[in-house]
Amino acid sequence: MQDALRLLRSSPWSARFGMFVVLFYVFMATFAPVLTPYGESEIVAAEYEPWSSEFLLGTDNLGRDMLTRLIYGARNTIGIALVTTVLAFLIGSVTGFLAATLGGWTDQAISRVVDILMAIPQLIFALLILTIVGTAIPVLVVVIAVLDSTRVFRLARAVAMNIVVMDYVEVARLRGEGLWWIMRRELLPNALPPLVAEFGLRFCFVFLLLSALSFLGLGIQPPTADWGSMVRDNATLITFGDFTPILPAASIALLTVGVNFIVDWFLHQTAGLKDE
Amino acid sequence: MNDDAAITDTPEPLLKMTGLRIEGQADEQWNEIVHGVDVVLHRGEVLGLIGESGAGKSTIGLAAMGYARPGCRLSGGDIVFDGVELRSASENYKRDLRGVRIAYVAQSAAAAFNPAHRLIDQFAEAPVHHGVKSRAEAEADAKDLYRQLQLPYPEQIGYRYPHQVSGGQLQRAMTAMAMSCRPDLIIFDEPTTALDVTTQIEVLAAVKDVVKQFNTAAIYITHDLAVVAQMADRIMVLRYGNLVEEGTADQIINHPKEDYTQRLLAVRTYRKPDADPPSEEPLLRIEDVSASYSGSARVLENIDLEIGRQRTVAVVGESGSGKSTLARVITGLLPPEDGRILFEGEALPPALPQRTREKLRRLQMIYQMPDTALNPRQRLRDIIGRPLTFYLGLTGRKREDRVRELLEMIELEPDDFIDRYPTELSGGQKQRVCIARALAAQPDLIICDEVTSALDQLVAEEILKLLQRLQDELHVSYMFITHDLATVRAISDEIVVMLQGRIVEQGTKNDVLTPPHHDYTDLLLSSVPEMEIGWLDRTLAEREGRRSRGEKVLESADQ
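First to last, the sequence lines map onto chains Y and C. Using the numbering used here, the first residue of the first sequence is number 1, and each one after it goes up by one. Using the numbering used here, the first residue of the second sequence is number 1, and each one after it goes up by one.
Just so you know, the hints here were simulated from the structure itself, not pulled from any lab data. All values reported here derive from a predicted model rather than from experimental measurement. Please note that a few of the clues may not be correct.
[Said to hold, decoys possible] Label-pair restraints from in silico Cβ distances: (1) Glu32/C <-> Gln269/Y: 18 to 28 Å; (2) Ala26/C <-> Thr30/Y: 40 to 50 Å; (3) Trp105/Y <-> Arg538/C: 53 to 63 Å; (4) Ala26/C <-> Val83/Y: 40 to 50 Å; (5) Thr30/Y <-> Gly36/C: 53 to 63 Å.
[Claimed, not checked] Chain C is nowhere near these chain Y residues, computed Cβ spacing over 10 Å in every case: (6) Phe17; (7) Trp51; (8) Phe266.
C-beta: ideal position from N, C-alpha, C; glycine also.
Looking at chain Y on its own, in the form it has when it is part of the complex (with noise of 0.2 Å):
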């Protein structure tokens, strides 16, 4: 705990910065029922009103409150794109971690797999998927952390591939521990590193893939609030040269920068690289 504190201390402002918009984020997305003044799908007013005292930053296409929309919008988005990022992990650290242990006809079957699920660019094979088995919740969430967890298991393979021949990982072989004893105890606790600076990265790829197929009208389906789809309703204000449906694209660009902040001074830490 005190080394938490020292290491928080330490810090530089670029981390400080992250971490201050991603507890804002997550301020906002817990609050969001307390803090927005109408409802989150009501229709308040007339459409495309302008900003006011009554509505801060004006009605969407349909009349509803741009700012409660905005915020419900973090916590629908956030919420989505972590389950997916979770999920994304535990497939693809699972069977990284079986290929890397395992070797042999394991790991090519899983990598060839990978390899063919890499070999189609992710948004096409998302709309693919999606257009067929339509686009609840639930599903999105699968497709996603599916497809996302090849990048995973690349990584996660990668990483336990050089723990795999350590000589402690012998050891725990010729003592007679199982499969599972191996990758939980001996790989596991030495892969994170990495793997937790990844998922970092992933939740942003994740996040934006997510606005990619909200704003293409595949992603989180109306009149759930979604900072991709609200981009795409409000779009043409912008040919009025009213710049309010770049907010929720700048609230997906300021996360993005936050986590990347963060993560890059997690690297720093773990990867014990000196500033020279």
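Assemble the complex: chain Y is given as a structure, and chain C must be docked to it using the hints.
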């Protein structure tokens, strides 16, 4: 130089470092690692720097070039090379110096050569770049030096890539490269430590020869006093970044003053008392075992071996002799192609997954590198405790007590160490933990794979004594795999000499170590440096004499 003062009985030294202080960075802090050491080196003189790891000998060696490794800095003192102070000299000046007037030979030539370029291209790079020689001159010179360093095919060997020549040859090619600009000073940083003994002797001879011939000054860094006794005119003994003792080779080797130097000299004198071979059924019997890696050439052929209860069998051989493969076969990691292994008269299943937990328990292994044999993310409590739970079903209080007991057995204070991570231990302590982990399973046989070769000599000796004490108390048997004959002399009851996958000689310690020997055993034994000045010249002269009398003298496999 017109200054008369310079022409005196003791000419200006080539290199003079006074009050040298070097700091290293750890956790954002600078700690001093070399505390004011004075080094004086005259032209044509060979200075031996000796000490254990962490003594600062490599750091001092590099400082002679005005260089500090990343994460280190030269924080104090003067480094005067041929009249110029290097700490304040410009980078450009130092760059012109390095490679031309000061050269460096690294411990691992395999890692120091660029694998993508031919040897001769790398040889020519420095002289051509610094404008000392033309490309053609450099190539001719390379072949000349290769010949003087007794490399085979000196005309052609330069056109090979580093991976196409052996370790000993590479080390000599590296020495040739260092000589390419005829430097005034060469720094040898443990150049033979990674080599087999029979190869080491040839590299030592070649290096000594060339250094003498070109009257080059050299700093020879090593942890092995016996080696430095052959090479150096003067020796500095270092410890923890301080000078312990300095003197001529004769003074240090034959009349050491300091206690620490005496201990370094006394290392390797430990001897296990002779014991009678047991008459009962051997614990482990290997019958006619052959093995290979995935169908390629055989690595082990027709091995027959017995290990008795409470006996230590040393398996000796150089790299590639198949001694570690033998351990893999016994542990079941590599099932043999032929033959069988009997444990207490009962056949052991060849492959690991077929063995019962009880069989696995009775056969434990200790590794060469304690750094990689301990999971850095587990505390000692879990590292030592896991076999207790896994094999013996101990949990909770009982397990905790037993872990503490084991820690006491390996002479580590339980309260202090039980919650530590392996990274918070020294190399010797880590190896002790590996021993405790093996003992936790209460095995009958422990395979020790080069357990002391990654450790400093004094620490290694402590480990050997510990292993011996544990054997006396717990009656375990050891199979001791090693390339170091000093270790063999210290701890073994029986010796097995291996060469290229076969056993060439085996018997009790006295049988094997007293003549007549098998030719290879003889080569191996006579190649181990002795703590005696002039040993190298004498041995080489002896071999030469035998060769001239038409007797057979085995060459190192490296040639």
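Do the hints match the structure? See the list:
1. Glu32/C <-> Gln269/Y: 18 to 28 Å: Check passed, 26 Å falls within 18 to 28 Å.
2. Ala26/C <-> Thr30/Y: 40 to 50 Å: At roughly 41 Å between Cβ atoms, threonine 30/Y and alanine 26/C fall inside 40 to 50 Å, so the hint holds.
3. Trp105/Y <-> Arg538/C: 53 to 63 Å: At 58 Å between Cβs, range holds.
4. Ala26/C <-> Val83/Y: 40 to 50 Å: Roughly 41 Å apart at Cβ, these two residues keep to the hinted range, so it holds.
5. Thr30/Y <-> Gly36/C: 53 to 63 Å: holds, 60 Å
6. Phe17: holds, 22 Å
7. Trp51: Holds, because the least Cβ-Cβ distance between tryptophan 51/Y and chain C comes to about 48 Å, which exceeds 10 Å.
8. Phe266: At roughly 17 Å from the nearest Cβ of chain C, phenylalanine 266/Y sits farther out than 10 Å, so the non-interface label holds.
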